[in-house]
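Peer 1: Work out the full structure, taking the sequences as your base and the hints as a guide.
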Amino acid sequence: MSDVPAATPQDETDAAGRLVAADGTPLKRSLARALRRQKLRALLLIAPLLLFILLTFIAPIADMLFRSVENDIVSRTLPETVETLGEWDYSSGELPDDAAYLALYRDLSVATEYKTHTRLGSRLNYETSGISSLFRKTGRGVEDMGELYQDQFEDLDAAWKEPETWARMMASEEWLAAEDRAATPLELRDGIAGALPNTARAYEQFAEFTQNEDGDDPAEEDPWAYVYAMLWLDLTGPVQMDAYQGPDAALLEAAAEAAPGFESQTWRAGFADIDNDWEDVEVWGTIKAYSGEFTSGYFLNSVDLQLTPEGIEKQDENQRIYLKLFWRTIVMSLAITFSCILLGYPVAWLLANLPMRVSNVLMILVLLPFWTSLLVRTSAWKVLLQQQGVINDILVWIGLISDANRLVMINNVTGTIIAMTHILLPFMILPMYSVMQTIPPSYLRAAKSLGATNWVAFWRVYFPQSVPGIGAGSILVFILAIGYYITPELVGGTKGVFISNRIAYHISTSLNWGLAAALGTILLAAVLLLYWAYDKIVGIDNVKLG
Amino acid sequence: MTMKKTILATTALTLVAGGVAAQDMADSMTVVSWGGAYQASQQKAYTEPYLAANDGVSVTWDESSPEAVAKLRAMNEAGNITWDLVDVEAADAIRLCDEGLAMEYDPEELAASPDGTSAEDDFGDMLVSDCFIPQIVFSTTFGYRTDMVPEGVEPPTGACDVFDLEKYPGKRALNKQPIANMEWALLCDGVAYDDVYDVLETDEGQAQAFAKLDTIKDETIWWSASAEPIQMLADGEVFMGSAYNGRLFSAIVEQDQPIGMAWDWQMFDIDGWVVPAGLPEDRLARVKDFLFYATDTQRLADQAKYISYGPARASSAPLVGQHAELGIEMAPHMPTDPNNAENTFVNNYSWWADYRDDLDAKFQAWLAQ
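Going line by line, the protein sequences match chains A and B.
Take the first sequence: its letters are residues 1 to 546, numbered as in my numbering.
Take the second sequence: its letters are residues 1 to 369, numbered as in my numbering.
Think of the hints as simulated: they come from the structure by calculation, not from any bench.
Nothing here was measured: the structure is a model prediction, and the numbers come from that model.
Treat each hint with caution, since some may be false.
In silico BS3-like links for lysine-lysine, alpha-carbon gap of 30 Å or less [to be verified]:
no., chain 1, residue 1, chain 2, residue 2
1, B, LYS44, B, LYS71
2, A, LYS324, A, LYS536
3, B, LYS288, A, LYS137
4, A, LYS314, B, LYS212
Peer 2: Below, the structure is given as structure tokens:
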């Protein structure tokens, strides 16, 4: 308050000596309110842009990154199996009991109808090869397991063949009387769920599928073989037939009497018939290990580890590639950044210091490749660098190297560094140039007039002022390089490819989006970490784009 | 007065009928293919005739087949399928079918051959997936520089010559993926054709394949885009390289490059259509109508006039004629021609569907070593 002029009239301060506005509120609060209003107005002005960026940029990225941990496909496709497996212990080395096979039969019967079992197969195949074909094969065979019982019921009484028999027995009178049965959700008959719990459940699943997927009336469609298998299960179990009050009680009674005499097999034997991999404890272990809603599996894979039923293990030696690729990506991106600094600095200096007419021409030379298609420039480098290419031809022609010893400059690390340095060079030169333009030439002249040599004047006076340009250029080039994909793919051969090439492979070819997302998340985290380190060491305020 | 009524009534009826027909079948289709000469062959052989016969129908082409699998998955998740028909390789068709992204297509809905053989029998083994409607057979085979064959040595005849560095020195070009390379390595290392996949399933078998590939690793340039091996052969950058036979055909016959074909143990591959799952009924009806026409015996044979890929129907093979512009007989350039197909390798797609991820990781690790 010492700054307040002594002449301030009394009525502009309150009792505590604080300044007040004309309406009597403390000036501080009044000011804060005004500022808040301004901020709000500014926020409203940018709101459309903010919303646009959130919806089209941030949200998709967040959604993609979320896939790196998402794993609900297992528990969604095999809900009962996952629950049953909760009590099973892989380390016992024994197969789960028949209840687990029964749960698997129920889950797969439904999943096969919805055709989601193949998708789950491809998901688990990322972890254990062979599971994909196991699921596909099982999908084709699972119906046979139920048909065993279906045939016997139908032989017992032809009434079991009729869809109406089933509908009469399972559905409530109200539902049966409904006008549009294809669209009215099925309502179970009172007591049926108590008498035949498994059958009722299976019939409900069948009805839901028929209505939602095919748009048909369940009362006119043949139930799945799975429903018959569940009926057999109910009738051979502890049946409470007394609870059943509906029609066709006699039919059911006869079936209940005959069912224990039916030809049957354990659920386990049924699956083993389809493929004896179902008696492999490894398969069950994999299902259990990946049964959670979320998984660390993708992240572990991206750092050359794997989640096995026994815990986290190192990936087989001949499959460890990702750490190597991450390391290579960072080292090569740094090398590219440094070669851009070395090549770009003198050019930027010339641009900033030559007379306008000459520097404009030079500027066009810098920008021209910038406007040329990336693919064209990369292909041009192939023509230049390959063994039968322009550079080798010239070297052979002037006799520097012999025809038999042409240099290998492409399809390796050298090729990637050369091509990417060229492609990213404008991103280094432009920020450097705009910073150097702001350095007054008089500073150098002053240094020299005070006795500095050319080198000292440059190093002590000019260079420190150009550092913000180098910083901005380096960040741009490094971050662009770390995510580059097409150039390494074309000129990198086997030793010059980046992690981004693997990400692209998993996105577009292997469809392992979870792993791609995990690799991408790690890459993003690495960039943010480096940015943070840069801020700590150099200071982000030192970066200038002009 | 009655006349007027009659006219009114008929007009109304026609309108209703027209309206129903239009509702039954969409009048536009988005077809996805590979671009280039292949897509042109599809346009000329059956799309243009189909459009000429169906007034008011239009086709939009999208050259997205290389990214079809990823894009279809994204469309499926967004719940907005904008494609009606997609041209993919067999391996991708299996993947799309497994993921539930392509719909199962009953071959009985396709045209029978002129002699009455059902489409299912006519396509035979080419129906590698329930969702796949085969079109053409192409092969990955070897091309070599005729002017770089050492003097006094017979030119290479097949895949195994690529491993013979003594007889045929020089750089090789191979596809940067395990598929085909692993099979060739085992086959040329003495494994019997029928045992290749059984051997490749074991760790020892994989080690054997990598060991064989190790012998030429230093001399190999790995390609990822299918134009690359052709460019390397044309520049003399490599002596021998694997490439798609259609691309080799155009380099040799259409561009007159000094390149020869080494057909032995060519790797057969199939390309065909899949229909995305979840199409609305009217669009699906149009697609089915188009497919019935576009995959019949004559149309598939017509396609071979424009590109050297073999028709996937057995009944089309005898109808293959001459190149539409050059006038040369196409049959000798087909991968299925008896002279070329003495030893062919048929890719086991379902095996690869299971082992691809695993072997790909190993292959990439091997490359990086």
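Peer 1: Hints first: check each against the structure and report whether it holds.
Peer 2: Each hint, compared with the structure:
no., hint, verdict
1, LYS44/B <-> LYS71/B, "holds (26 Å)"
2, LYS324/A <-> LYS536/A, "holds (27 Å)"
3, LYS288/B <-> LYS137/A, "holds (28 Å)"
4, LYS314/A <-> LYS212/B, "holds (27 Å)"
Consistency with the previously given hints is maintained throughout, with no hint failing.
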